[in-house]
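Q: So the sequence shown is residues 1 to 398, counted in UniProt numbering.
FYI, nobody ran anything at the bench for these hints, they're computed from the structure.
Quick caveat, the model's predicted, so the values are computed rather than measured.
Among the hints, a few may not be true.
[To be verified] Computed beta-carbon distance windows for the label pairs:
(1) L227 to P106: 23 to 33 Å
(2) S273 to D184: 23 to 33 Å
(3) P89 to E274: 29 to 39 Å
(4) R96 to Y74: 23 to 33 Å
(5) Q343 to E212: 54 to 64 Å
(6) R96 to K358: 33 to 43 Å
(7) R253 to W382: 51 to 61 Å
(8) G97 to D184: 22 to 32 Å
[To be verified] EDC-like, lysine to aspartate or glutamate: derived pairs with alpha carbons at most 16 Å apart:
(9) K78 to D68
(10) K143 to E212
(11) K67 to E79
Where a beta carbon is used, it is the ideal one built from N, C-alpha and C, also for glycine.
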Amino acid sequence: AELLELEELSYVEFMDSLKAGELAEVVLLRPEGSSLELNSSSVMDPEVLEDERTSKRQTRYGAAILKDPSDPYYALLKEFSDVVSDDPPSVLPPDRGVRHEIDLVPGTKYCTTRQWPLPKEQVDVIDAFFAAKHAAGMVRESKSPHSSPTFCVRKPNGKWRMVHAFNKLNAATIPASTPIPRKDVSQNNMAGCTTFSALDMVNGYYQLLMRESDILLTAVSTPSGMLWEWLVMPQGLSNAPATFNRLVTQLFRPMRQFVQTYFDDIFVHSRASEGKTAVEAHLGHLREVLLCMRENRLYANINKCIFGAEEIPFLGCFLGKDGVRADPEKVCAIAQWPVPVSQKDLRKWLGLANYLHKYSAYYAEMARPLTNLLKKDAVWSWTSEAQQAFEAIKSSLQ
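Using the sequences plus the hints, can you model the full thing?
A: And the structure:
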């Protein structure tokens, strides 16, 4: 396979791609030269693009719905304000029959990595984090022979994300073979529906208990000299996604006709049927989902949930009553790209365009004049044929 040099992706784009399973491997390369400035010669006006995004998504966020008592979803969200809120409780979850298990490779003794020093700001953040988790009953002081260090990284919103370096433990863990949900299968199951909701579960991993015999393995150190062990499943364990997926699949399997799950994302989809309008059917489906979450003490962040929309963001794309389309933000970057002046420029642009090729009919045929320019013995010459292919691909994605 050819390695393409891609233009920089935003953190959001990278995480969307990673979550959607569209990145098989991540390789860090040292950048060369300066980044390419994009001009605004495209017909894709950023202001029009922003209007399109906000009109179909932001007005259907849960927090906005709660400001409008006339909205058909208002009463339901008020009824389940304990499940969908901006301040979900932080408590020890119930035993739902699925616990996280860590099975080590035979012969493994101790998984220990020395804690390294950190700036005082991070030390204070880490201590406050564990104080809160201890108060919630999610961690306890430990005397485990195992130990993994703790540090934190700054998130885009300025807050800190806690990270445990479980490298040695993960290397000694037998990998789980639980299948990951397929994006294409979920899309097919949602085809033909006209009303959609997307729920984002809060701190999903902390909603699963650890197997009692494996709690010692989760011991983590802090720069202030504490050793804690987790009673719930911490983030960073290699098989944690598989365990969480097993839980949500088990809970929502009876609703698979109108619910698709992808780790901590829940997608509800409905259409008019049996004498009910699409809205009436969707309200009934949402009620079943929210009742299940209440019974199992699972929570969603109302500021990130979308209810009763014609279209929702779905694992790196947009899915709605008219089918699947590319995220306009990604299309905008392609549409605004200036005419390439070298093979290097063309590789960057094709790297972005290839990412969205499935949304363009006859993409391979249209791109052939451009890919021919990237052959090893090709002489760089931007012809009218190349220009036509360049513009055709842009138009096909918009």
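Q: Each hint needs a verdict: does it hold in this structure or not?
A: Comparing the hints with the structure gives:
no.	hint	result
1	L227 to P106: 23 to 33 Å	holds (26 Å)
2	S273 to D184: 23 to 33 Å	holds (24 Å)
3	P89 to E274: 29 to 39 Å	holds (37 Å)
4	R96 to Y74: 23 to 33 Å	holds (30 Å)
5	Q343 to E212: 54 to 64 Å	holds (59 Å)
6	R96 to K358: 33 to 43 Å	holds (37 Å)
7	R253 to W382: 51 to 61 Å	holds (54 Å)
8	G97 to D184: 22 to 32 Å	holds (30 Å)
9	K78 to D68	holds (11 Å)
10	K143 to E212	holds (15 Å)
11	K67 to E79	holds (15 Å)
The structure shown violates none of the earlier numbered hints.
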